[in-house]
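> Keeping their order, the protein sequence lines are chains Z and E.
The first sequence: position 1 = 1 (the UniProt record's numbering), numbered continuously.
The second sequence: position 81 = 81 (the UniProt record's numbering), numbered continuously.
Think of the hints as simulated: they come from the structure by calculation, not from any bench.
Check each hint, because a few of them may be wrong.
[Claimed, not checked] The following label-pair restraints were derived from C-beta to C-beta distances:
hint	chain 1	residue 1	chain 2	residue 2	range
1	E	82	Z	56	19 to 27 Å
2	Z	53	E	62	39 to 47 Å
3	E	75	Z	22	23 to 31 Å
4	Z	70	E	31	16 to 24 Å
5	E	71	Z	68	19 to 27 Å
6	E	35	Z	39	43 to 51 Å
7	E	81	Z	63	27 to 35 Å
8	Z	59	E	71	41 to 49 Å
9	Z	51	E	73	25 to 33 Å
10	Z	82	E	32	24 to 32 Å
11	E	21	Z	70	32 to 40 Å
12	Z	81	E	72	15 to 23 Å
13	E	62	Z	68	31 to 39 Å
14	E	67	Z	53	35 to 43 Å
[Claimed, not checked] Per the computed footprint, the stretches of chain E lying under chain Z, defined by three or more beta-carbons under 8 Å from a beta-carbon of chain Z, are:
hint	stretch
15	48-60
16	75-82
Remember, it's a predicted structure, so these values are computed and weren't measured experimentally.
For every residue, glycine included, the Cβ atom is placed at its ideal position computed from N, Cα and C.
2 protein chains.
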Amino acid sequence: MKLRNSSRVMLISSISSNPMKAFEWGTDVSIENMHQGFTHIFESTFESTEGVAEYISHPAHVDFGGLFLPALEKVVVFDYKPTVFRL
Amino acid sequence: MKLRNSSRVMLISSISSNPMKAFEWGTDVSIENMHQGFTHIFESTFESTEGVAEYISHPAHVDFGGLFLPALEKVVVFDYKPTVFRL
Numbered sequence: 001m002k003l004r005n006s007s008r009v010m011l012i013s014s015i016s017s018n019p020m021k022a023f024e025w026g027t028d029v030s031i032e033n034m035h036q037g038f039t040h041i042f043e044s045t046f047e048s049t050e051g052v053a054e055y056i057s058h059p060a061h062v063d064f065g066g067l068f069l070p071a072l073e074k075v076v077v078f079d080y081k082p083t084v085f086r087l
Numbered sequence: 001m002k003l004r005n006s007s008r009v010m011l012i013s014s015i016s017s018n019p020m021k022a023f024e025w026g027t028d029v030s031i032e033n034m035h036q037g038f039t040h041i042f043e044s045t046f047e048s049t050e051g052v053a054e055y056i057s058h059p060a061h062v063d064f065g066g067l068f069l070p071a072l073e074k075v076v077v078f079d080y081k082p083t084v085f086r087l
């Protein structure tokens, strides 16, 4: 895991004028046992759809994906425009 | 979808001294086609693990789960303590 996260940090750092505005990650601690075998989550925040597209197509991201994805047993990638409910 | 979200809003509103501090949701718009058939995401933020446990065990949440979960084709529930990477 340490290597994976370090790799992601290097990836983020290698993209100048980074369209990514926030990044956080964690491992599952749910007590509901509905993780379906998933162990890690990585959440990146962008200000625009164009920023996401720029990030995805960046050579550093493509290279990273080529190393990272084959090492995963399974993966879900989900992008969404958040609708915020005020509490 | 409207009904589902309304249900969640009612659920949130029905819990007094709500341990949930933020709630947002969205549908997948990713261009990477790795959504694995998942269509919606709901993200709730709590200040503590105890707050999550309080929410999960609340009768309103238990009742909601009994209605909501059987209506889903598949679901992943993932709780994590975010490690934030400063960009």
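> Hint numbers the structure violates, sorted upward?
5, 6, 10
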